[in-house]
Amino acid sequence: MNSRPSTLPLMMADLLRIEPLASARVLHLAGPTRTVAQVILAETFDRLRRTPPHSLVVLHAEAATGGWSLAAALHLAWERNFAGVVVTSGVAGASSAALADRLNMSLLLTDSDPVDVALQLAGQISAPAATRALRQALCAERLTEQTSIRGVLSVLNKELGSTPVALVAGDAVLAGRASAIVERPDVAQVTVAVNGPGEPWARLVAGVPVNASVAGPHGALLKLARPSLLAAWAQTRLDWATHAAQEAAAFGLLRRLAVDARTPSISQPEVEIEAPSWSTDLGWQVDGANRAVWIAPMRSAGPPPAELTHLVRMAWQKGRPTWPLIAEDDGWISWQSGSNPTGTAPLRRALNSFAESAGSYQLAVGVGRAHNGVPGLLRSVAEARLAAHVARQGGRQDVQWFDQVGAPAALAWLPTIEIAKVADLCLSDLMAAHDRVALVDTALAVMDCGGSLVEASHRLGVHRNTVLARILRAKQLGLVFDDPTQRLALHVLCYALASLREPAPPVQ
Amino acid sequence: MPTRAGGPAYADISLQPRRQHAVVLRDHRVVSIPFVPSGPDDVEALLSRILAVAGGSLEAVTIDISQILRSAVLPGPQALPQVAVVRIVPVPASDPALARSPADLVERLIAHRFTVAGGHDLLGNELCPLDLPGLEAVTVRLALVGIRDIAIVAAGSQANPVHEQAVANATQAAVPQARISVASDFGGHGLVAREATVTLDCALGPLTDRLLVRWEKALAAMAPGVLLRVARGDGGHSTSSRIRSLPVVSLGADDALQISGAAHLERIENCRVLLPRPGGQVAGDVRNGLVAIRSGELTGFGVELVVPTAVLTPDRGGSSGDGLGRFTDGPVVLATRDPQELACLGAAVSQPTSWLDEFAYIESAEQLEKVREEAQERATAIVVANGAAPGSAYVAEVSTVAVPYSPPGTVRIRVRVAGAADTDPRRVEVFDRMAP
Amino acid sequence: MNKGVPSTVGEQRGSGYVGAIASISSEDVPALYEGAKFYSPALGDANKSSLTSWLTRLLDRNGPVSLMRAEVLPPETPCVSLCVIGSGSAMTDLPPSGNEFSMAVRQVEQATDTRFGAIYPLAAATVSAFAPVVAASQLGISLIDADGMGRTYALIHHTAMHLAGVSATPLVAYGPTGESVLVRTPAGPRADRLLRGNVDALGGWAALAAYPTTTGVLRRAALPGTLSRLINVGRVLLQYTDPDQLLVRLAAVIGCRRIGRGRIVELEHLSRPTDWTIPAHPSSLVVQELGDLGRQLRIELRSEIVAVFADGELVAAAPDLLCLFDASRGVLATLDSLEPGDLVDVLATPADAIWYSTEGMAMVGLGSHGIPLDHPRRR
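Chains as they are written, first to last, in the numbering used here: chain A, 233 to 740; chain B, 11 to 446; chain C, 1051 to 1429.
So that you can see chain A by itself, here it is in the shape it has in the complex (with noise of 0.2 Å):
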């Protein structure tokens, strides 16, 4: 795995990761990547000073009586350049890390037997490459038992220590350590790419620094990775597929226990029906004033594909885990649950942190009013569907509350493409002008105004006569509305054709 000759010597985060060492306290650590020569088991201060650079010393018995032989080894330990010093727990005190520190001398405390720990080390110096094939064969195993992405990226954080790690698809940091993508001078990025099943998914990036004395191993470490990574990945993919159609379901049942409940009258959702107590298995929230969300693809084609479901999910509840998101017919559904009908501030703070992904994946958000029980959830579903139809159909991305909506939201509701197709069949002479635009856009203007052409002409922002004109020779094709027995199927049908071209005028 690791192509590097395997004479090289280790680093302190090679030995900091396997036992003994992995259990030792780090009181203070000069540099990860400091690299160590030799083990010397010191007894007396007599070895101490026979001790070459680069050892890393275990203290022991007469070099290891109190804080005064800790202090004077650290002080032997700088004067000759020593990786680093071992001791056990008890002879080191407050003042033998801030020693350290000043010394800038690693210091670890074990409550192992020092010479048990300076034999296994010496074992692990002596044959490098093993050690090095055991500390990513460790790290393998630590990164096998973890079933969730953060999980994996958290094990990679901490085997490479100062070096950060992030799993990245596009610009978007998934997981990990934000700081490994940022780019700096003094540091080199390692990237290894996780692909899906025959599609690229994501990637891994170290933030390596440029100055470590000796190169780690975070290629290695980071392929090591992939497996678990896309085993996690396809973990969650399933467990959220099983999630997903239980809540769906559990949504069903929901809506079926409100609609067998109903009262004639929508205006009077507020019936009490008890929420169930399965919805409170789910983790769901309904007994409160209910707050709906409907997020959508900005342009409809059914029901949305599974990894878009998934996605969605992963953004909507990367704050908000316990909010459930239910898929249902083109889009999704979640709520905010609550005693206060007005308190708004966390779904908006939802909102916020979800507005780059409803950017990156074209999706429209509708929010509606909040209403109590489960018909209020229902209720509110429903408005924040016709809010998030008006945001689609005005293709705005910024959240459309239904409360800001109003009436217009009806319109948003209209099948505009039908409609369109039925200009097609009863206004062809209109369709097939060339200036059909300006005609429609005209019409629809004059009908809006109340058939003023001064305002209309201010609309526009055109010449009084030239909106005369133009609907006279609107009228020479066929949209003839003076005649109050066509005017409101023929300002719909212009309403129609303007809002399918781009951009759309904004509603209201």
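Incorrect hints may have been included.
[Stated by the list, open to error] If you anchor each label on the Cβ, the simulated ranges turn out as follows:
no.	chain 1	residue 1	chain 2	residue 2	range
1	B	379	A	377	34 to 42 Å
2	B	341	A	369	56 to 64 Å
3	A	369	B	379	36 to 44 Å
Everything labelled a hint here was simulated from the structure, so no lab data went into it.
Ideal placement from N, C-alpha and C gives every residue a C-beta, glycine not left out.
Given chain A, work out where chains B and C should sit, using these hints.
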């Protein structure tokens, strides 16, 4: 103009032999009260002036009686009662210089001295059985001489008070009206220092009683519910009844309060304060908001005491070239304001405090930890009795040193505990009665 | 370093040293007290007034004690050494009744059937410096200006007399309980072992009369002039309380140097393996040095300061006389009253040359404290 608006108000009074100085502290503002000359109704007069400023917001009055006590002790017209001292040691002093106190002003207070064989060592081991026939002879003599104020000190009583208590009980039985002070109430170190402390405590009792009872009565009549606190030599305060039972702990309060008052004015937690004194400028240190204290000689007394007082060092400040320069690495504050006003300010910011100085024997680091914790618990119990709100006590200072040339394992522990003043008079009274 | 700190020792200025002293009068008591504290900064001032007022009254009553060099007395003059064995803290809590020292001398006289013509200090430092002056005054005999340690060490055979082959016994320890112990053993180290347990039972301290010999032997077996030196150092300490000025004077008189100045940040106990036969368990002091160097000074204690490490480097060690001077208060800081936060100068003074000999080092050097490092002077 009396007013109830705003936060609670505190009055702080510095009693002097001929006049009384007071300030009212309210909402971080200090209002000086015109002084009242000593006289039959001075307490009421001063209190009414304080109430005129503080009105119904007055929560507590802290009073510094140390200057009155000091002037009563220092040479001058004798104002204190004569005391009989009973010393419990294995062997009576063979040299007259060792039989008396090194301080003339302490010896002046002692009318009769008695020695009873007995005593313990530093760790509480009995050195000599208590000489019961000898004790009986002493009590007979005590009853004969007709002295009421009796101070008792036994070697090692801070570690094991049984001999001292036996002598106190026998004395009380023989002289029923006796007012007895025992050295084990103060702990501390050094027989001579402990004897001087308990002698002064005994002699100062009646005067302190008179002073504080007057204030208690005046407060009860004019401002019921307002707490009376008394400043201690360590810069803290205790309840009035605690000081009435151990008046000597208030000696030296003026020095400590002036130092903390000056530091508080500058809003510095760690500094050196230079105080002008007739005999030359002296310096006191403030560490973490508390005055640096030590048990030792109080200026002019000529003998060490076991109650802690501010450490004062002659210090001319700056580079004086006369050999009196001192080194300090922190800020230096020159106390230029009126000393009485500074003392009142110091009293205003004072906290209930306690202090322990003990010897113990340890064989391991765990045992040391246990011994230290026990000492801290005891000090905490005392600080609550001194008027700290339960739960507010914290260990301000703790030091443990190995005692040189003693058997290995002998340690000296000093603990200083402070707390936030309790403002509930009923609770203060309850804890006061439960005092250890 | 801080400004005004002399960088070299031995700078001669002013009149610190006034040479040999012929007698000790009540006026010398304050200097005797301060000097005694410098040579063994173990005990604080809790007993100061009692001890000094006793000796002052004694010397006022009986007149000054004459202080003589051993060479001045006839060589066959029998003499005995005196000191306080046990802790000064115990003595503070249980002060002498007054006759302990003279009784100890008298009992050795009985045991050896001699009449002593002179007394000398076993260790001229701390309360042990007072003991021979008290006894000389009470018994009306001369005091010899020489001692066995030139400071204090933990055990009673840590003396120049022992190195010179003078037996410590027969010796008598007379306690404040009025009881006494007579020890006869040919081996010096055994004497200490036999005595320690008894001292505890006697109240934690006792007057010790030991090393009965003659002034002729003492001429070669004791450290000469140590009482005069102690009083002279005491005078300097009384005169100069400014830490920088004091250092200049002490450097001139006794070659004292400053290792560093800093604040005590930590006190550790049982910080080395404990030999329970030696008084006072090992403890340590960590001082954070002020100024640019900012070193961590680690001070190893027993009854005396044993060693000073600066950032782990051994910079001074027993038998050097090491003491702490409270720079912000202008007084010696004693080992029984150290507190975190105290600002101290760490001072080192060379001990008498005999202690740097191989035999001396073996007895009182770092090795005897379980620290197997070479003395800085030997490296």
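Here's how the hints hold up against the structure:
1. B:379 / A:377: 34 to 42 Å: Check passed, 39 Å falls within 34 to 42 Å.
2. B:341 / A:369: 56 to 64 Å: About 60 Å separates the Cβ atoms of residue 341 of chain B and residue 369 of chain A, which means 56 to 64 Å holds.
3. A:369 / B:379: 36 to 44 Å: Since the Cβ atoms of residue 369 of chain A and residue 379 of chain B sit about 43 Å apart, the hinted range of 36 to 44 Å holds.
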